[in-house]
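So you can see what is in the structure, the chains are spelled out below.
2 protein chains.
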Amino acid sequence: MTQLGLPVPPGFTLSTEVCTFFYQNQRAYPKQLETQVKKALTRMEKLMGRRFGHKKSPLLVSVRSGARASMPGMMDTVLNLGLNDETVEGLCQESGDVRFSYDSYRRFISMYSDVVLDVHSHHFEAALEELKSERGIDLDTDLTGEDLKLLVKRFKHIVRAEGKQFPEDPWEQLWGAIGAVFGSWMNTRAVTYRKLNDIPDHWGTAVNIQSMVFGNMGNDCATGVAFTRDPSTGERKFFGEFLMNAQGEDVVAGTRTPQPINSSSRHASTEKLQTLEEAMPRAYRDLVKVYQKLEKHYRDMQDIEFTIERGKLYMLQTRSGKRTAAASLRIAVDMVKERLISKEEAILRIRPEQLDQLLHPGLDPEAKKNVIAKGLPASPGAASGFAVFDPNTAEQWAAMGKKVILVRLETSPEDIHGMSVAQGILTARGGMTSHAAVVARGMGKSCVSGCSSIKVSEERREFTAGPHSIQEGDLITLDGSSGEVILGQVPTVSPALNQNFVELMKWVDEVRQLRVRTNADTPQDTRVARGFGAEGIGLCRTEHMFFDPSRIDAVRMMILADTSEGRRQALDQILPMQKGDFKEIFREMKGMPVTIRLLDPPLHEFIPHQDAELQILAQKIGVTLDRLKRKAESLHEFNPMLGHRGCRLGVSYPEIYRTQVRAILEAACELVRDEGFSIVPEIMIPLVGDWRELKFIREYCIEEIEEILDSFREDFKKQGIKKLQYLIGTMIEIPRAALTSAEIAKHASFFSFGTNDLTQTTFGLSRDDSASFLGDYINAKIYEKDPFATLDPLGVGRLMKLSINEGRTSRPDLKVGICGEHGGEPQSVIFCHSIGLDYVSCSPYRVPIAKLAAAQAAIQNPRAKKTQKKGIKPPARKRTQAKRKN
Amino acid sequence: MTQLGLPVPPGFTLSTEVCTFFYQNQRAYPKQLETQVKKALTRMEKLMGRRFGHKKSPLLVSVRSGARASMPGMMDTVLNLGLNDETVEGLCQESGDVRFSYDSYRRFISMYSDVVLDVHSHHFEAALEELKSERGIDLDTDLTGEDLKLLVKRFKHIVRAEGKQFPEDPWEQLWGAIGAVFGSWMNTRAVTYRKLNDIPDHWGTAVNIQSMVFGNMGNDCATGVAFTRDPSTGERKFFGEFLMNAQGEDVVAGTRTPQPINSSSRHASTEKLQTLEEAMPRAYRDLVKVYQKLEKHYRDMQDIEFTIERGKLYMLQTRSGKRTAAASLRIAVDMVKERLISKEEAILRIRPEQLDQLLHPGLDPEAKKNVIAKGLPASPGAASGFAVFDPNTAEQWAAMGKKVILVRLETSPEDIHGMSVAQGILTARGGMTSHAAVVARGMGKSCVSGCSSIKVSEERREFTAGPHSIQEGDLITLDGSSGEVILGQVPTVSPALNQNFVELMKWVDEVRQLRVRTNADTPQDTRVARGFGAEGIGLCRTEHMFFDPSRIDAVRMMILADTSEGRRQALDQILPMQKGDFKEIFREMKGMPVTIRLLDPPLHEFIPHQDAELQILAQKIGVTLDRLKRKAESLHEFNPMLGHRGCRLGVSYPEIYRTQVRAILEAACELVRDEGFSIVPEIMIPLVGDWRELKFIREYCIEEIEEILDSFREDFKKQGIKKLQYLIGTMIEIPRAALTSAEIAKHASFFSFGTNDLTQTTFGLSRDDSASFLGDYINAKIYEKDPFATLDPLGVGRLMKLSINEGRTSRPDLKVGICGEHGGEPQSVIFCHSIGLDYVSCSPYRVPIAKLAAAQAAIQNPRAKKTQKKGIKPPARKRTQAKRKN
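Note that the protein sequences, when read in sequence, are chains A and B. In this note's numbering, each residue carries its 1-based index in the first sequence increased by 845. In this note's numbering, each residue carries its 1-based index in the second sequence increased by 845.
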């Protein structure tokens, strides 16, 4: 700001390098620092015409932190430094204001003692309150200069009583404050804030030493904060508040109601207060000029702090202002229209995660809430409903029009029908990529998972959270964006996908090089995803279709059959139903690519666990309970994740995959023939670990497919339709598949990285079990991030890179995508862009997020290779850096 | 043999390249083949003075397979080819023997029709029997020439009745036979044999076409087989049998009792028969000269086939003879002493797996056995005992002096006490590396695992195998080398580790470059392993010590404690006991390196599963059953293999590892101080996946260690002992550890590959669950070998290579070993040698096997880098190729 010619009190900065040195050398400073500080202070003294520690005309300074990223309120600040029993008298004489001078002094003593000497501020607050009650007054401002002199004495007494010594020497004060500010980089608040906001610890903070200016020197003084645009809505209006005769901390403390700076900053409760524009028109006019200059200069909405000392405006701080997602979007789009920033810059301005706020309903921020537990924010959005503890009750109550929250120890595929009708899902176990979390995100439903502080008893239909006991039918609310579980119902607000969103996504589509598909298993999912601009389906799981109540019996008969023939018969019942599903999905995707994964989960997931259910099943399918139990037992596995699932089922029971392939191909052929669609089905074989596995399955699939294509040949010929094309590819989700990709690619038209399982196997870490100890890992700083949430570049990512490179040596046109949960996580999407994937696939509600991340990646690190998609312009070559300032 | 100047009937060979061409070109031949065959046959005609298909002096040939590796009896052969209705008459005139000629003809027709025309031989056998019964005779040799003429007619009739045409044209016969022999490379028998003997399918077979000589032309003719040394014992004596007036197939058919070739080949039942030496002394002398020449030439024991035609000896075949393990060893050692082969060659002569036969007791090969089921040959050796179904009964019965076989669905660490007293272990589930298999191999006990055809009911204390029901107390026998489960008791024979074994191992130790350590958890194991020449302990698991009945309660209290302090108290009880264990093991290893792995299994393994046991435990430790059950439930995991185990325990509960480290260090320090040992304990941290994990644990371990070393400082100083050295290293057993080895090596003094878990995670395959479908994989030829038995070089091996290379870039002196089950499997040991490991570690009984494999690897592919071990000579630089012939 100084360089812009704006009125800034003189000062200087100890850079972050000093902070780094400080922490690497047992809190010592570089040798030359002392000399440099002295020199800089001398320059300040000259500019201000005052001297540091001078009896008559003392220079007072503030000592503040200054980090690369804004960390509001997280670190320490000391104001009014330089005051002592002598200089305070100088200040009295100079200002002619004993009250102001001793007010500044007592503030300094308490702030300094708190921050530097570790004497807790409540001691000083208590003394202040005591004095006020002695004087019989309510407001601090009613204390006289003499009162404050007394208070200073009492404050100093407190410091001594706590065994500390308040330094009278301004230099000692200064070095104490510098040490404290550097030290505050590592205080608990700051560390936590950085963890939450992905700010690296090693960045360190700078320390700013600046001349004090005073907003508390009388009624021609003021201090305030303002935003250059509305941080809630993004509307282009100057917006802020101020206090007369006050220092910055008074605005924060909230003891006096701040006044609006102008009429457009007024709201109901400040309707009658005088504005800065009215009270100090000249200073206000200066402020307007400054804010316009600042916004133009930084080309972003600014959050500014100012002080007016005896009518003269001083700027204390400016930084890019925090804003809501909606404001973020509006400001970015408006600024492009105002030709302040380019489209690329606009794209880089929005944090992809922020879009989540716009895509899901949220809790009304004004509402009160009684939070009784906190779990993982597994699927965003807020939801209220009656607690139910099993999927059947969920379904019954929902059928009666009741909104329900499904509460489970953990969910399993058998719970799908209950999940699909619930408003939200709460589980005691499981992580960010547990079954509940994945399914809920896919459905765009609120979910709090791994809420280990609640004790769920499905049997007794209740859960407890501390002293609270919630029974079936009690109202609860989930905030899937924060992980909060709230007693009772909290009002929610709907998302508003406005014109700004549409505009931004248009620009995003122009620049990104990654295609974005969706993971969708049902026509409903597909519709939602299309609405969000998905360009195909990257993962259509077929097992969810098996759980449909109308089919599950046939599925179970298939599993319990002892012969290939018996399985075939049961599968014949499932075939027409699956074909129907596929037809609906193909219709919905209107010719866009659809990748269908053949059956993946271990068969025991389809068999009920409870005796009662087994009894019913035994009767239904006509076997003895004993036999059924034996079969169920024989399917039991110690580590089902590593068991008889995925393509291993396809090796043992080819008839299952044959039936699925038949359903897919018949669905496609019939649509092509009867409804004029153009479809290229992509069949995906899961859990491959060896090329022979893939070859074995691929060969019998092709045999089945060619038989079907033959049966349609005549019909196609009549209509002049060419033979249907299809692709057979594989998932790369176990390390050995990645390590042998050169061979596997010879038998696969495409790869799709299943990074959920690839993360599990590469880390040797079960996502369903890791919740219990992942906290220990984050605390010990072993993992910076949950590897199931953000793709691990060193292990999993390295395997992906190797797989792509070696796969493409065998098959240069190998199509490569990702369909794990990471496909919708911005940092992971950027990684996927960098290693040359063709597309990412994610749950419908994350499609816009993935698109935005992909666009940002393409702007910051454009790839040489053009995607084949038409209508996408080549990326801007110029590396447009986002200007991110505090 | 021809080149040696031995009497071999002239002939020529179609090489294996023709076989490869044949299978790559829909069973067609190279263009030039026909001309070449004609040319070769013309040369044979000249040498023999006969012509192929000639009416008067017909040349007859045999057509036989000839593969790179011997596959006795697996492929097809046609003898007497060239006979037809015309040439048989020529043969009659030439030989003057109608009986012989038509006998040859009828043999040819049946053999040819069976092999080439696919007319099953039982038709011909039936016709032969019928004729004999018509004539009222018993022996084939009693049939007259006229009878055989009639038989030839009937044989031809059979061929026509089966819709086939017997070709009269000798050339058509020849090409038919060639095609059949090539075709027999892919018959089921041959494919199975190759699978069992690790012979690659792509090798293919050659076809040998050779002039017939006749052992059945009268009583001056004979045919026989002989071994140049005794194939059972290896004794140096000429050993064989023969038949007068017979063709080779008669020896095999067993219709006549063969006679001994000399007196030293006689045994009880052949005591009275005339020897070849007696019957044809000249031919016998020739044969002796030939066998001596052959053995000297091939420098190995030969298995030879010969025919004597009218007093003249012809050699038909020679190949290295099959032999028992004991013979193998004796022959190799003897031949070195006879200066026939070098020590290196002797080493290469023994198949490492063969040693297994010598190290474990085996079933008496003479005994009858009633095999009722077959499982996996999980741990070699034979054992008989009474079936028991739980470890406690095993212990009680064993205490009463009864031999027991422990039968379980599967075993768990809680069963250890029962396993350790059992003669053998039989499980219905689990693979070659299941708990039962691994522990049994470690104990050198017989084990049959994954015996899925038996149904075990632990509750009813019985198992069924087909129609058999075996109750507690019934006698059964296991053959852990074949996987057989046998009803009743079968006598066993003990292993004999003789001087030959000791001699060979001495040579092995001289040449190998890999060190061989053992996996041993107890002083007993350690003693056994030392006896077999282990050079240290590569894996000492500490969890087995936790299961000791005297400690398990303290362990359980530790697990159930809610605070770090509570855990510490329980651990304090365990500390002195573990220290005692370590002392014993250190003493036993006498200063050799001992690598101790800190606690690895998930804690729930230590908690009982049954309500009754839980009830007892609850009372013992003074908590309610309900609380105990809740705790047990909270420890439950979906995929325990990927759960809260290994170093993850060390992250969550540092006090566990601290206690273990204390026990190790105090044990070492006390032995050094009190008993003059020199010990460098190696502490191994399991399941590391990230360097930060290792650093975190390593740091607190060092803190604990330095505290202990401080407490011994004074004592050491007094005795002039230097400060104890120690190493802290890690297991590499999950892919991410391998992929980030460069970073991990900075915090590890050594790596030890845990290839059991590394195989599980790299393949995404649970070894406990894969038994149920691994069969499908072997059948579909997807896996050639069980990856848990033989190290997978493409996936797991690639990760190992990468890990070593990158680990050593950070730490050039990184010590690297392997402690998975693969460390004792010869092919895997060879791989470990090739990628630069310093040592392998395996169960005690596999130490000699690993040493032998390591020596073979060093001979065939010596490494540049010398091992640091003293007393090991640098390897022979000369690449001595093993001469392996049929």
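A hint or two may mislead.
Note: identical chains are not told apart, hence a pair may lie in one copy or across any two.
Derived lysine-lysine pairs resembling BS3-like cross-links, with alpha carbons at most 25 Å apart [as the list claims (entries may be wrong)]: (1) Lys-1167 to Lys-1040; (2) Lys-1134 to Lys-1630; (3) Lys-1540 to Lys-1247; (4) Lys-1214 to Lys-1300; (5) Lys-1646 to Lys-977; (6) Lys-1134 to Lys-1214; (7) Lys-1630 to Lys-1563; (8) Lys-1182 to Lys-1219; (9) Lys-876 to Lys-1424; (10) Lys-1300 to Lys-1474; (11) Lys-1562 to Lys-994; (12) Lys-1540 to Lys-1040; (13) Lys-1351 to Lys-1157; (14) Lys-1568 to Lys-1660; (15) Lys-1247 to Lys-900; (16) Lys-1213 to Lys-1562; (17) Lys-1591 to Lys-1626; (18) Lys-1476 to Lys-1219; (19) Lys-876 to Lys-1300; (20) Lys-1182 to Lys-1001; (21) Lys-1141 to Lys-1465; (22) Lys-1300 to Lys-1476; (23) Lys-1248 to Lys-1351; (24) Lys-1182 to Lys-876; (25) Lys-1568 to Lys-1540; (26) Lys-994 to Lys-901.
It is worth saying that the hints were derived from the structure and are not from the lab.
**Request:** List in ascending order the numbers of the hints, as given earlier, that are violated by the structure.
**Result:** Hints 2, 3, 5, 6, 7, 8, 9, 11, 13, 15, 16, 19, 20, 21, 23, 24 contradicted; others consistent.
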